[in-house]
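If you're matching them up, the sequences are chains A and B in order. Once you know that position 28 of the first sequence is 28 in this note's numbering, the rest is easy, because the numbers rise by one and skip nothing. Once you know that position 152 of the second sequence is 152 in this note's numbering, the rest is easy, because the numbers rise by one and skip nothing.
Treat the hints as calculated values from the structure; they're not laboratory data. Watch out, some of these pointers could steer you wrong.
Each computed SDA-like pair below joins lysine to any residue, with the alpha-carbon atoms no more than 20 Å apart [unchecked claim]:
(1) B:K167 - A:Y84
(2) B:K90 - A:L82
(3) B:K167 - B:V156
(4) B:K168 - A:L82
(5) B:K90 - A:Q24
(6) B:K90 - A:R25
(7) B:K90 - A:E93
(8) B:K167 - A:I79
(9) B:K49 - B:I59
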Amino acid sequence: MTESNLVILALCLFSIGTFGIIFQRNSVIKVLLCIELQLLAANILFVGFSFFHESITGQLITIFTLTVAAAEAAIGLAILVLYYRQTNSIEIEDIHHLRG
Amino acid sequence: MISNYLFAAFSAGILISSACVVFLSNPMYALLALIVAFFQAAGLFLLFKAEFLAMLVLIVYIGAVCILILFVVMFLNVASVKRQLSRFQKASLFVGLALLAEMILVGLLWQKNMQPVVHHKQALFGDGMSNTMSLGMYLYTTYAFAFQVCGVILLVAMIGAIVLTFKKEKRGRPQDIATQNARTPEATLKMTNPPIGQGVDYDGI
Numbered sequence: 001m002t003e004s005n006l007v008i009l010a011l012c013l014f015s016i017g018t019f020g021i022i023f024q025r026n027s028v029i030k031v032l033l034c035i036e037l038q039l040l041a042a043n044i045l046f047v048g049f050s051f052f053h054e055s056i057t058g059q060l061i062t063i064f065t066l067t068v069a070a071a072e073a074a075i076g077l078a079i080l081v082l083y084y085r086q087t088n089s090i091e092i093e094d095i096h097h098l099r100g
Numbered sequence: 001m002i003s004n005y006l007f008a009a010f011s012a013g014i015l016i017s018s019a020c021v022v023f024l025s026n027p028m029y030a031l032l033a034l035i036v037a038f039f040q041a042a043g044l045f046l047l048f049k050a051e052f053l054a055m056l057v058l059i060v061y062i063g064a065v066c067i068l069i070l071f072v073v074m075f076l077n078v079a080s081v082k083r084q085l086s087r088f089q090k091a092s093l094f095v096g097l098a099l100l101a102e103m104i105l106v107g108l109l110w111q112k113n114m115q116p117v118v119h120h121k122q123a124l125f126g127d128g129m130s131n132t133m134s135l136g137m138y139l140y141t142t143y144a145f146a147f148q149v150c151g152v153i154l155l156v157a158m159i160g161a162i163v164l165t166f167k168k169e170k171r172g173r174p175q176d177i178a179t180q181n182a183r184t185p186e187a188t189l190k191m192t193n194p195p196i197g198q199g200v201d202y203d204g205i
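The task is simple: from the sequences and hints, build the whole structure.
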């Protein structure tokens with residue numbers, strides 16, 4: 001359980017989340033799940049650093065990012081529900097209304 | 001010693017279940033894999049002596065955020081369609097691989113003994129203080145403003161979600177009691193005294 005192991009774990013998790021967002025064609029909900037994975041990677045980094053540097057600040061920041069992540073998930077899902085009411089589909093390939 | 005094995009086990013669990021989140025085509029299964037990943041992360045937080053944060057992850061992330069996503073997944077009709085590569089995904093694969101290469105570089109060149117920016121050391125591991133108490137020592141005093149702002153953020157998110165998705169039902173023709181009570185006789189009646197034989201000049205009252 002060393003610091004560089006923690007960094008590699010969190011960065012792999014973040015990149016898995018990034019690849020999940022990039023290679024997603026089916027539904028917007030999987031994009032939201034991969035955003036939550038990225039936030040989890042950041043939180044793991046914060047808490048791990050608070051452990052290795054013996055400072056409570058990382059855990060305090062984790063509380064705040066947890067709060068903001070919950071709020072953002074709620075708003076994102078509300079927007080998704082609204083969009084579904086309009087167009088009755090949530091495939092990413094069908095979201096092209098802003099295309100020129 | 002055993003924490004090394006536990007760290008390896010939880011790390012493997014997180015990486016495997018997050019790979020399942022990405023590669024499962026059914027969003028319900030992907031969400032369940034995400035819940036498993038959050039459980040492993042909570043175990044990882046326990047290894048880092050942050051037991052309050054571990055329970056907070058269980059309660060907030062799994063118990064609130066994932067349940068919310070679960071409701072939305074069950075509400076929308078999501079079909080698990082097999083995917084094909086589009087013309088943008090080759091470029092974004094390159095961007096993603098560049099990002100991954102940079103991050104691996106950071107991970108390999110990581111220097112130990114870097115100093116933190118803000119150093120609240122004394123409350124963390126000393127004197128048998130629980131994680132809850134040591135967080136509370138700083139959350140309500142030094143970071144009280146950020147704590148209140150978090151409350152405002154949650155309030156705004158709640159109001160925003162309700163305002164966005166609230167559908168007002170049209171229920172026939174309801175009564176508006178205040179309007180009815182505010183009606184005055186001058187608005188409805190006009191008393192006239194017409195002579196016999198002449199009509200009333202009806203001007204549309």
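Worksheet item: What hints, given by number in increasing order, does this structure fail?
Response: Hint 2 contradicted; others consistent.
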